[in-house]
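**Q** Chains as they are written, first to last, in this note's numbering: chain A, 1 to 448; chain W, 1 to 448.
Incorrect hints may appear among the rest.
Said to hold, decoys possible - Residues of chain A clear of chain W, computed beta-carbon distances all greater than 10 Å:
(1) Pro22
(2) Lys37
(3) Met58
(4) Glu69
(5) Lys97
(6) Pro183
(7) Ser198
(8) Asp201
(9) Met314
(10) Lys353
(11) His361
(12) Pro402
(13) Glu436
Said to hold, decoys possible - Each pair of labels, with its calculated beta carbon distance range:
(14) W:Asn444 <-> A:Gly331: 53 to 61 Å
(15) W:Thr202 <-> A:Pro330: 39 to 47 Å
(16) W:Pro168 <-> A:Lys90: 30 to 38 Å
Said to hold, decoys possible - Which residues of chain W face chain A? A few of them, derived with a C-beta cut under 8 Å, are:
(17) Glu10
(18) Arg75
(19) Ile76
(20) Pro107
(21) Phe146
(22) Tyr169
(23) Arg370
(24) Gly377
(25) Leu414
(26) Leu417
(27) Tyr420
(28) Asp421
If you're looking for bench data, these hints aren't it; they were derived computationally from the structure. Glycine included, each C-beta is placed from N, C-alpha and C at the ideal position.
2 protein chains.
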Amino acid sequence: MKQKKVFLDESEMPTQWYNVMPDIPGGMSPPLDPETKEPMAPEKLAEVFPMGLLEQEMSDQSWIDIPEEVQEVLRIWRPAPLVRANNLEKALGTKAKIFFKNEGVSPSGSHKTNSAVAQAYYNKREGIKRLSTETGAGQWGSALSFATHKFGLDCKVYMVRVSFDQKPYRKSMMNTYGAEIVPSPSPDTVIGRKILESHPDTAGSLGIAISEAMEDALSRDDTKYALGSVLNHVILHQSIIGLEAKKQLESIGEYPDVVVGCCGGGSNFAGIMSPFVTDKLEGKDIRFVGIEPASCPTLTRGKYAYDFGDVAAMTPLLYMYTLGHDFIPPGIHAGGLRYHGMSPIVSALVRDKIIETTSAHQLECFEAGRLFAQAEGIIPAPETCHAIKAAINEATMDLNDPKTILFNFSGHGLLDLASYDAFYSGNLHNYDYPEEDIIAATKNLPVI
Amino acid sequence: MKQKKVFLDESEMPTQWYNVMPDIPGGMSPPLDPETKEPMAPEKLAEVFPMGLLEQEMSDQSWIDIPEEVQEVLRIWRPAPLVRANNLEKALGTKAKIFFKNEGVSPSGSHKTNSAVAQAYYNKREGIKRLSTETGAGQWGSALSFATHKFGLDCKVYMVRVSFDQKPYRKSMMNTYGAEIVPSPSPDTVIGRKILESHPDTAGSLGIAISEAMEDALSRDDTKYALGSVLNHVILHQSIIGLEAKKQLESIGEYPDVVVGCCGGGSNFAGIMSPFVTDKLEGKDIRFVGIEPASCPTLTRGKYAYDFGDVAAMTPLLYMYTLGHDFIPPGIHAGGLRYHGMSPIVSALVRDKIIETTSAHQLECFEAGRLFAQAEGIIPAPETCHAIKAAINEATMDLNDPKTILFNFSGHGLLDLASYDAFYSGNLHNYDYPEEDIIAATKNLPVI
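Isolated chain A, as found in the complex:
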């Protein structure tokens, strides 16, 4: 047995992010103004995002420097280890080599912290005092709470009510880092009050929470908004995952045949796979497999079209795979994958057939997660269980195929153990949609 864990020295941590946008064969379509349906004017986006991030959002540069201040905070836990899942391989009886990039080692327990630190930094640099955001599963809210504390910013988190109630430990974590947290919909915003009036018992959704956080940022001069996935600058910040993984594999003479990740908004998957895209375009035999929940089948059953990112239709229109912005997925336990849309970058790479997509039901994903925990010790987040399921599929389709699989272990599940309890108790169920429901969900897409 060779080294199980591959570390990079801190001096080997990437000092530039990789921007995959210039590589996309079919190009990207610009975000549109929700009112005029014309390409969004940068000054309007500047009401909610700082210029440093907007420049990245639209950049055609392949490499963008990581500021020293951001690197310093990232070095608290990065470079993240690359781990050979040899015990999982043995449990599966496969000749495949399975590697995972362990993003669970970050302070908040997931890859989200990578972008949170960068976003807090650029806002701080431009004099912003406070950030508003939404969180579904709680991973992003925790990450931004940590990052804003590091840069001395205040932070308000609108947490989807069902998660707020189910995951009290996520609130405690955000409290520890000094953030303010309210369940969404909340009485603190116009849109929140409106929804509470018509649906007092609603479980909430990411789409609603985004509307609230956007309204918060738009209504205060000292505040801007931060989003934890979907957008191009978030994908950019997450490229550090793939850049490190590539170096780590190189250092042991390996190269992946397939790169796997779970897809909610797309950032962890794009983060690990985007630095490999040029290799594929240059003819390298490498596959990228994104997996999503069958209960929120954005990439596998959604439409590729312009749509809003939120329920209240306040965000710019993004060209992406979508199930319709008023689609409310069932309350599955992988809260981070319950989003109607998908990163425009990931969507374009799917359109251009660079990324393959697949889906899985939650019960088989928890089963995969338990097998992984027993073999490798670490308990994965429910979202990450999807990536593990896809990696296991790849490793077992032909047990004698010695292929090299790299997957993104996007986060640990230590704050999601109630979901495992529900699984063990037999109270979890799968959800599926008849085709007519998907057709109905996507029939209200905005007309451009």
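Assemble the complex: chain A is given as a structure, and chain W must be docked to it using the hints.
**A** Quick look at chain W alone, frame taken from chain A:
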């Protein structure tokens, strides 16, 4: 800034444990038979422990090989990182250098896993099919659940009822690794039923849970008992912490002026400090500071005497600092530090003035833990907050003293966030004892 994190290559992981017993100037007193009060006959101990562990328990060898099968499992997460707490130093405004050994990276989240793996291995090797154990805070139960699964053993965990109720996520973790868990006192044992009859609402205690687990092991041929701290073989297994830390500090040209750890049963503190003891005996200027909760002041206010390890007086008599085996400490949130006794090795080193002792109240420890989390990202276990408090004391007694502090970050607090909530809500209190209560507690020590 130099490297923040110091890693060792897997090939540099220690292949031998260090046994500090031969170094102890005043020597060790043997365990006594609870019935005859004569030195315990090994064949009687062999009813509950496998020979491989008993040999270690009484060994006079300084170095003992770590079996390859144990090393292989330890390599899932070891060597553990040594981290420079430079952000904490900055927050304190101290010139001291603070390093911590991060044992929170283990599968179950604490140092306990180091001994669990070794204990499961030696039991497996001798044909044992099942282990019984107790757990207080849940750290040890989780660790043994993971380790027994790795070696194909069954595991039954008697979990102190107050923790069982307060820490549902610990149960979920043990379930994930396939163990059976019951709240203690339980109806599954004679002693459990007896206590439930007289005290149906008892919160339980480690002393009771130990009695139950011992009874379980004694009543079944296929089962032996496992203890997560206190005993000499556990301290031996934990020496890997200090051995690694010493190598890591050496690799960056550092040597500690003071080594700090929290003391419950003593294993994490002894684990990090014991490999440095010979240096001190040879005249090196190094201090060892053990910190315990003021609400369970075994080392600072207890008696040095023979006492039982459990409430039912079933265990051998150990020569140690003790508050009396029927002392039930208040329900503070550092459950792992709520034990009436102390490792005989740590006790002897205190007697010989090699170890200094101190205590702290839980509120100041949580405050220290929060400060650490905000600075370094990682949320510490309530037990670990004590070590952090002592490290901060060392770093701030003279802010201009550039001393080097090494402390054991024994575990993360991600499954203890409810305790932080209690702290934030103002519902936590300190506990202290008037001297007459301590005198009363220790007046029933067995007469030898």
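**Q** It remains to establish, for every hint, whether it holds in the given structure.
**A** Structure-based check of each hint:
Distance to chain W confirms proline 22 (chain A) as a non-interface residue, since its nearest Cβ pair spans about 33 Å, more than 10 Å. Every beta carbon of chain W lies more than 10 Å from that of lysine 37 (chain A), the smallest distance being close to 43 Å; the non-interface claim holds. Methionine 58 (chain A), annotated as away from the interface, keeps every beta carbon of chain W farther than 10 Å; the closest lies near 31 Å. A cut-off of 10 Å between C-beta atoms confirms that glutamate 69 (chain A) is not in contact with chain W; the least separation is 12 Å.
No Cβ of chain W comes within 10 Å of the Cβ of lysine 97 (chain A); the nearest lies about 17 Å off, and the non-interface call holds. Taking the minimum C-beta to C-beta distance to chain W, about 16 Å, the non-interface status of proline 183 (chain A) holds against the 10 Å cut. With 10 Å as the threshold on Cβ separation, the claim that serine 198 (chain A) sits away from chain W holds: the shortest Cβ distance comes to roughly 32 Å. With 10 Å as the threshold on Cβ separation, the claim that aspartate 201 (chain A) sits away from chain W holds: the shortest Cβ distance comes to roughly 25 Å.
Chain W leaves methionine 314 (chain A) outside its interface by the beta-carbon criterion, the shortest separation being 33 Å against a cut-off of 10 Å. With a least CB separation of 38 Å from chain W, lysine 353 (chain A) remains clear of the 10 Å interface cut-off, as annotated. The beta carbon of histidine 361 (chain A) is kept farther than 10 Å from every beta carbon of chain W, the shortest such distance being approximately 20 Å. The claim that proline 402 (chain A) lies off the interface holds: its Cβ sits roughly 22 Å from the closest Cβ of chain W, which is beyond the 10 Å cut-off.
At the 10 Å boundary, the C-beta of glutamate 436 (chain A) stays outside the reach of chain W, the nearest C-beta of that chain being 38 Å off. Separated by about 55 Å at the C-beta atoms, asparagine 444 (chain W) and glycine 331 (chain A) satisfy the suggested range of 53 to 61 Å. About 42 Å separates the C-beta atoms of threonine 202 (chain W) and proline 330 (chain A), a value consistent with the hinted range of 39 to 47 Å. Taking the beta carbon of each, proline 168 (chain W) and lysine 90 (chain A) are about 31 Å apart, inside 30 to 38 Å as hinted.
Checking glutamate 10 (chain W) against chain A by beta carbon gives a least distance of about 5 Å; that is within 8 Å, so the hint holds. For arginine 75 (chain W), the interface hint holds, since its Cβ comes within 8 Å of a Cβ in chain A; the closest pair sits about 5 Å apart. At a threshold of 8 Å, the smallest CB-CB gap from isoleucine 76 (chain W) to chain A is about 5 Å, leaving the interface hint in force. Evaluation of the proline 107 (chain W) hint against chain A yields a held restraint, the C-beta minimum of about 3 Å falling below 8 Å.
Checking phenylalanine 146 (chain W) against chain A: minimum C-beta separation of about 6 Å stays under 8 Å; hint holds. Taken as an interface hint, tyrosine 169 (chain W) checks out: its beta carbon lies about 4 Å from the nearest beta carbon of chain A, inside 8 Å. With its C-beta approaching chain A no nearer than about 6 Å, arginine 370 (chain W) sits inside the 8 Å limit, and its interface hint holds. For glycine 377 (chain W), the interface hint holds, since its Cβ comes within 8 Å of a Cβ in chain A; the closest pair sits about 3 Å apart.
Against a cut-off of 8 Å between C-beta atoms, the interface hint on leucine 414 (chain W) holds, since the closest Cβ of chain A lies about 4 Å away. For the restraint placing leucine 417 (chain W) at the interface with chain A, the shortest Cβ-Cβ distance is roughly 4 Å, inside the 8 Å limit, so the hint holds. Annotation: interface hint on tyrosine 420 (chain W) holds; nearest CB of chain A at approximately 5 Å, less than 8 Å. Using the Cβ-Cβ criterion of 8 Å, the hint placing aspartate 421 (chain W) at the interface with chain A is satisfied: the shortest such distance is roughly 5 Å.
Violated hints: none; the structure is consistent with every hint.
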